[in-house]
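A.B. asks: Single-letter residue listing:
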Amino acid sequence: MARRILTALVGAAVMGIGAHAASAATLDDVKAKGFIQCGVNTGLAGFSAPDASGNWTGFDVDYCKAVAAAVFGDASKVKYTPLSAKERFPALQSGEVDLLARNTTWSINRDTALGFNFRPVNYYDGQGFMVRKELNVKSALELSGAAVCVQTGTTTELNLADYFKSNNLQYNPVVFEKLEEVNAAYDAGRCDVYTTDQSGLYALRLTLSKPDDHMILPEIISKEPLAPAVRQGDDQWFDIVSWTHFALIQAEEFGITQANVEEMKKSTNPDVQRFLGVEADSKIGTDLGLTNEWAVNIIKAVGNYGEVFDRNIGTGSPLKIERGLNALWNKGGIQYAPPIR
Amino acid sequence: MTTHEASFVRASMVEASPAPVLESGIVSWLRKNLFATPKDTALTIISLLVLAWLVPPAIQWLFLDAAWTGGGRGVCATVEQGGSQPEGWSGACWAFVNAKFGQFLFGRYPIDERWRPALVGILFVLLLVPMLMPKVPYKAFNAVLLLVALPIVATILLPGGWFGLTYVETPLWGGLLVTLVLSFVGIAVSLPLGILLALGRRSDMPVIKMLCTVFIEIVRGIPLITVLFMASVMLPLFLPQGVTFDKFLRALIGVSLFASAYMAEVVRGGLQAIPKGQYEGADSLGLSYWQKMNLIILPQALKLVIPGIVNTFIGLFKDTSLVSIIGMFDLLGIVRLNFSDTNWASAVTPVSGLIFAGFVFWLFCFGMSRYSGFMERVLDRSQR
Amino acid sequence: MAIGVTNAPEKGRSSGSIINDPQVRGIFYQAITIIILAVLIYWIVDNTIENLRRANIASGYGFVRSRAGFDVGQSLIAFTSDSTYGRALLVGFVNTLVVAITGIVTATIIGFLVGIGRLSHNWIIAKLSLAYVEVFRNIPPLLVIFFWYSGVLAVLPQAREALTLPLNVFVSNRGVAFPRPIFGEGSEYTVLAFLIAVAASFLIARYANRQQAATGQRFPVLWTVLGLVIGLPLITFLATGAPLSFDVPIAGKFNLTGGSVVGPEFLSLYLALSFYTAAFIAEIVRAGIRGVSKGQTEAAHALGIRPRLTTRLVVVPQAMRIIIPPLTSQYLNLTKNSSLAIAVGYADLVAVGGTILNQTGQAIEVVSIWLIVYLTLSLATSLFMNWYNARMALVER
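Protein chains in written order, with the working numbering: chain A, 1 to 341; chain B, 342 to 725; chain C, 726 to 1122.
Accuracy of the hints is not assured; some may be wrong.
Stated by the list, open to error - Below, simulated DSSO-like cross-link-like pairs (lysine-lysine); rule was C-alpha separation at most 27 Å, straight line: (1) 331(A) - 320(A); (2) 373(B) - 1019(C); (3) 165(A) - 978(C); (4) 644(B) - 476(B); (5) 978(C) - 380(B); (6) 644(B) - 633(B); (7) 79(A) - 441(B); (8) 441(B) - 210(A); (9) 265(A) - 331(A); (10) 978(C) - 210(A); (11) 265(A) - 77(A); (12) 373(B) - 852(C); (13) 300(A) - 331(A); (14) 380(B) - 852(C); (15) 550(B) - 633(B); (16) 978(C) - 138(A).
To be verified - Chain A residues, not near chain B, derived (Cβ > 10 Å throughout): (17) 80; (18) 94; (19) 95; (20) 119; (21) 167; (22) 208; (23) 220; (24) 236; (25) 254; (26) 262; (27) 266; (28) 280; (29) 285.
Claimed, not checked - Among the chain C residues that face chain A by a calculated CB cut under 8 Å, a handful are: (30) 878; (31) 899; (32) 980; (33) 1080; (34) 1086.
Note that these hints are calculated values from the structure, not bench results. Note that the Cβ used here is the ideal one computed from N, Cα and C, for glycine as well.
Could you build all of it, start to finish, from the sequences and the hints given here?
C.D. replies: Shown next, in the form of structure tokens:
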């Protein structure tokens, strides 16, 4: 009790200088303050980057918007906190952000020791290598002796060490804190090889001074399931984030798009009706702690998974990444939503 | 009438004959200052050669060959690099600085709202300049405006959210705006806090003395970057779940606390230099502790350590550049952020941007150190 | 806050209430401070424990014994991804020491040269020194580091077109590669011989001083010592069959392979710290020399001591007394500024600690290690310089 009072007192003092206090349930907290605080990358083209007028755009940013649409019915109720690789975990742990959508790999260590809940995987990635074409390298196995640029404090750095060790290759790591710094160093010729998630390589190649001089090697040396993360111990919030993703997937499977969502409400397909909350006495949305319009709101705000993908990183974007593993399960990929019923 | 026998008496003084050619004018100056000894001659010649080797190419690079205007990387790249400059060209890319100037000043502050920081900046200059000129009257009134009214106006104008002003989040702030806000607040907080810490360290009360000593020594013993990491990574862990600080505020607290420890040591030096008689005299007049400090000791002590205080200010101003490491975009941070703009990426962009940032920092720091020298002389004169 | 306890009126004389007794008030204020502090600390610790429990983070220093899993680019001691986090921190610490020590040595040399230059009668030298000081003193060190780093990367040639200097030294934007000596069997004798020669030199110098004090005769110390320090190890080296070979860097597919490489990260950090700190040292040196009163020099001249000896025996020892205390704090500043390594990716203690912090989430533990190491370094440097200062201090009679 004494602690409560003390917390309240100091909390009140702290609030006076620009802070806000929160209760334990993230959903209530988010609803009370009226927006979602979303942790995103400080700048990775296609995933999250500020555009010329300072608005955040990208694949991860759309996930923040989708969750906001599900909760508030308004995708603009998001505030973004750009986070470096080092800051992202403490920021989520401390409650500075409600949701971390920052191309973060889901691993057992992060799930357990760091106290997060990841899932569902919104982008199946893998670590790749980029080299200069003039080096005439055809495979990562020819990279012995190379200087490798890598961002520090990432799973990438660990995979790199393991890959070169298991293949008995020598290398010289050149590490930086920020992706921009890695980029600049690689561009200036400080290292021969640039390694990060393959999606990142596609994005970063665009920012090099001569993108066509560089190629991405075929090897993928790791599994990098990128997933949004929330704190452990708040199952309701976790469910909302998970099912937001599944709703995006399901919408694509049903063929519901941003453009035709109103149309689809009139569908006679009972699955679609249930999904869009038009079925009589539907409880799906309210059981999540949201409204039954939640799926409609998500799709209206950002479209379905395929649209989000294409717009930010797929064929409709400069990155032109193939769907690959991220195609729907019935189209050769592994993106799959549990039944929504 | 008696007449003098002397055949000639000169009625006027003889004109002084000119000094020997070698002892006057430019020749003598050269001989005395540049060619006094063979060793001097050698040093002079070597220095001149080094200057001749460095200065003309530098001028060429900085001014003559520089690209001053242009809309993209083309003007700063050679034909081979995909630009318009001739082969082998290298020069400063001021067009980059030119194009990004607004960002360097205000960061990503929304363009429509930039009048707000600009207005605060103008008010700041208008209040600061008369403050700095010793001859201008109404110093006390001016100080109240500068240290009380201006911060209030700035707190309303910069973040907004009141009186119909749109709210501008601190992550959008950047450039010189952040550098100056951090420095101003750091200076305004660290001076009084430093004085308190210094008084505490010389206090008769063992607990206070120990606390202040421990704080000062720990902070002075560690790098600022670890303090900033603590502020950005560890502070959230110290607060109850869900209570968070603005990142900008955290950096502000970190920088201010760091500077106040250094300030405390400077002030302590001044306090120690005041003769014991002054303390005893104040006591014998029956002044209370705070009266003694405010009226007798501090005015003398602070005057003694003005150079040290200004040096701490300069250090603080330079140290604000470190916040770019924890992901904030101060002047240095925003300049570096723009290197990755593909529209401007060229071989000379980074160096040009860094030279520009360096020049701005240099201008402020040099100005401060010059002003401190000037004040020292003014106070010295009034002392006599 | 503080009350003039020492001048407090005698007990019993006080006619006022106990509230006005300065001693009582002092105790009261201190008690309040302690209570507030204790409550604050309790609050922070309690919050932290609660936060860690909620986040399910295991606290403690056990993590230093687990496998690191990452590689470090620049390391003077053996390190692979199989080494522990503890060893990674050690690597970082060694790297911090290396850049701090080399930086201190270089900054001292440049600083003394520029500081003396500022007092030169030669106008152009004095002005150049002034320009140096004013430029470097007023620019943030971080900017200087970036400047050197982009300079190194932009100006130096690509690795495959490395500049070749004499003695198989190669310069490229991957750093400076030079032959690495490999000490064969028997080389320890050479080291031993060198140590003996150094020890002998000290004895000779002491003997020479005593000799001069007793007889006025000056023993030719310099030449004897030079001969000893160079000759003895050389003879031993040749006698043991010259057990030394070099690992010469050769152009590989990507980089130069073999040899030792000093990376551009280290170079830019080292150069920036040296040049930046040198500007401050120059001002300290100037103030120190200025601080020796002119009468000392004139008296020395009047005694017929030659100018060079005057400088060495009269001016410098006195100037050093003024110079050493501020010089100490500059050395400490340089050591602390070496933490800016993180900006260019040099693996110093803070950079390695940051990586570990990120891989393990042990924020408090890593930060506490930083604090302890830097505080120890500060303390050690202060102690050493205080000892040196005490040795140099004026012995007043």
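A.B. asks: Provide an ascending list of the numbers of those earlier hints which the structure does not satisfy.
C.D. replies: 5, 17, 18, 19, 22
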